[in-house]
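**Student:** What follows is each chain in one-letter form.
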Amino acid sequence: MDNSASQAVPTPAKDERVKELTPFKKLMNKPWFASAAGALLVFSVFGISAGGSGMFNLDGVINWGQVAAYLGIISVGACLLMIAGEFDLSIGSMIGFAGMMVAIPPLYFGWPVWASVIFAFVVSGAVGWLNGYLVIKTRLPSFIVTLAFLFILRGLTLALAVMFTNQTIVSGVGDAAAKDPLVSALFQGVVGHDFFVWMGNKGWIDVSEPGVPLVNGIPKVIIWWAVIGLIAAYVLAKTRAGNWIQAVGGDANAAKNVGVPVKKVKIILFVLTALCACLFAVLQVCDIGSAAADRGLQKEFEATIAAVIGGTLLTGGYGSVLGACFGALIFGVVQIGLGYTDINSDWFRVFVGLMLLVAVIFNNYVRRRATESR
Amino acid sequence: MQSVFKKKLVRGVAGALMVMSLGAQAAGAKFVLVSHAPDSDAWWNTIKNAIKEAGQDFGVQVDYRNPPNGDLADMARLIEQSAAKNYDGVVASIADFNALKGSMGKVTAKKIPLITINSGTAAQSEQLGAIMHVGQPEYEAGKGAGEKAKASGIKSFLCVNHYATNPASFERCRGFADAIGADYKKSTIDSGDDPTTIESKVSAYLRNNPDTQAVLTLGPTSAEPTIKALQKMGKFGKLWFATFDLSAEIGKGIKQGGIQFAIDQQPYLQGYIPIAVMAIMKRDKTTDLAKVQAALKADKKFQYRLAEYGLAPAYGPRHIGSGPGFVTKDNIAKVEKYAGQYR
Chain A
1 MDNSASQAVP
11 TPAKDERVKE
21 LTPFKKLMNK
31 PWFASAAGAL
41 LVFSVFGISA
51 GGSGMFNLDG
61 VINWGQVAAY
71 LGIISVGACL
81 LMIAGEFDLS
91 IGSMIGFAGM
101 MVAIPPLYFG
111 WPVWASVIFA
121 FVVSGAVGWL
131 NGYLVIKTRL
141 PSFIVTLAFL
151 FILRGLTLAL
161 AVMFTNQTIV
171 SGVGDAAAKD
181 PLVSALFQGV
191 VGHDFFVWMG
201 NKGWIDVSEP
211 GVPLVNGIPK
221 VIIWWAVIGL
231 IAAYVLAKTR
241 AGNWIQAVGG
251 DANAAKNVGV
261 PVKKVKIILF
271 VLTALCACLF
281 AVLQVCDIGS
291 AAADRGLQKE
301 FEATIAAVIG
311 GTLLTGGYGS
321 VLGACFGALI
331 FGVVQIGLGY
341 TDINSDWFRV
351 FVGLMLLVAV
361 IFNNYVRRRA
371 TESR
Chain B
1 MQSVFKKKLV
11 RGVAGALMVM
21 SLGAQAAGAK
31 FVLVSHAPDS
41 DAWWNTIKNA
51 IKEAGQDFGV
61 QVDYRNPPNG
71 DLADMARLIE
81 QSAAKNYDGV
91 VASIADFNAL
101 KGSMGKVTAK
111 KIPLITINSG
121 TAAQSEQLGA
131 IMHVGQPEYE
141 AGKGAGEKAK
151 ASGIKSFLCV
161 NHYATNPASF
171 ERCRGFADAI
181 GADYKKSTID
191 SGDDPTTIES
201 KVSAYLRNNP
211 DTQAVLTLGP
221 TSAEPTIKAL
231 QKMGKFGKLW
241 FATFDLSAEI
251 GKGIKQGGIQ
261 FAIDQQPYLQ
271 GYIPIAVMAI
281 MKRDKTTDLA
291 KVQAALKADK
301 KFQYRLAEYG
311 LAPAYGPRHI
321 GSGPGFVTKD
331 NIAKVEKYAG
341 QYR
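Residue numbers (UniProt numbering), protein chains in the order written: chain A, 1 to 374; chain B, 1 to 343.
For the record, the hints were derived by calculation from the structure and aren't laboratory data.
Owing to the predicted nature of the structure, the values given are computational and were not obtained by experimental measurement.
From the three backbone atoms N, C-alpha and C, an ideal C-beta is built for every residue, glycine too.
Hints may be right or wrong, so weigh each one.
[To be verified] To give an idea of the interface, some chain A residues facing chain B are shown, with a C-beta separation under 8 angstroms as derived from the structure:
(1) 53
(2) 253
(3) 256
[Unchecked claim] Straight-line distance between alpha carbons at most 25 angstroms, and here's what the computed PhoX-like set of lysine-lysine pairs gives:
(4) 150(B) - 300(B)
(5) 101(B) - 186(B)
(6) 110(B) - 285(B)
(7) 101(B) - 179(A)
(8) 101(B) - 220(A)
(9) 101(B) - 202(A)
(10) 186(B) - 220(A)
(11) 52(B) - 238(B)
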């Protein structure tokens, strides 16, 4: 995550060949800095245009925070895979597919929900492995292989759902999940309910009636996002595995020559991306209570956009998890924030596109400034 | 951009005039309609136009929100957003009761008035704590059509169901059968949605049951092959024939006299009525639905819209049906003129 650390750390004895960097410049050199600045920019824009609309009230923050968190989870996987120089277009389809794997077995085969969740993770991981294996074996661009899986998985989702249930929306699994202690503890509802009730009683947050706060806790998806983001950021920045990922994406041949298990790294990252998509699906199915054949449409693009805004290079070898998380935050805020302004929703996509373009250009500008100043 | 600005200006001026002329208390109120339809779904354009006109008529602002890809999980977020944004009222379609009950609960928890529209049932609407439901109850729509058939002396019929995967679709056949006193199970076929199959299934049924007096189809998918089947058998224009929904082919059939009428769910009303009801509630400071309905019926602007577009709501004690509206030879010209815009 911190390529410039070796240059930035001054040697104890002053060396005139090494230029001293100011703390500000050091900050500018961080890969995530530009997207953090971009996020700040987006927040200021909405702070001005939608400040009084409830967007920054507690329930408003939770509202767009959830959208950012869902996207954040898949963009962590997508970002690591992109840093390693590969690409996964099947993320969105995997979300729909995994959702069906969670929802159908409990409702139609009488499985306990925890078993269907494990089943979904195992099958998703296996599809991720297959993606990776095919990319390595055939030496085809991952773009093509995963494009195929975009269609295969979306088609399977529809075909299998209709075959087993005669429906394209399978609902009712939310209640079953709530009765499953393991699944509801991990994936459903909120964290810190008592704390929010206490704050409500103190009059610090809005309540709908005494003892019932409007926001009754932090949705678990936000916690998952934070945990996964932090672990991935740590692994990428501070561990040998992280160095391998950077090296594989920078120059796979050179990495192989110095003994990095290139194939293994890539396949593991494909599996990880698929597991992130599956986690997205599990959380969503538990929250919404249903799985649908059209869930996750275009999420592969959103995850990629989040990673790119976050400073990850499309060609691999450079990027950061923290940046991708800021990217997801920007995307979530822009996507949802527009609804808090009075803009007609016909213009929605135009504005999302423009905001993203502005964010990326701004991001690139900051990065160029940072790299030129070295 | 400019047209949006212009529209807003017009809306703003209209709103200001309302305040001056009527002293309308609802002016300045902001409502939102959240649908489940993806951007590509053109059917909802009529509803978009309806909320715009209701906003003008009552001097209120109405936003339209939808999940761009039609994803219900995204729709749930949009409903939560409308709660967080503190709208003065929320209108939403019950696309999937289970998926949306949580987020609609967040609207009612903040004591924001909620009206449900389109899909879903009146019972679900009440369970969600909504003020009312504005839709076309399937059974009532079928029964309404059946009563018209009964008046023409029909005692037996064939119901061509092309989307048997949707359990609600059978309610239409059942309502029709109950009205004319027929056995609905014996009169209904699951035709599938392939036109060739539908055509041959309809012909086969009519050959085996030659004394069938009437045909009911549940939409253009089954209506168009049925028209062909009847034409080939020389029965088009001889059998009593009615259908749900409209298409160019159905319109032609009505004009030729081969189809008695098409049952239209009048989407315009699903947009207009909820906004009007919430605006009246706010303006008159009342939650008494009888008073609100009386005020709605007395509203000159609403009556003008109904007459102009040839629409007729079905008022109930709590819920208001947007349909069934019957498109016949008499009003088909009006319907065709406004199809896709206000009908």
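**Student:** Quick one: which hint numbers does this structure break? Sort them smallest to largest.
**Tutor:** 2, 3, 4, 5, 9, 10, 11
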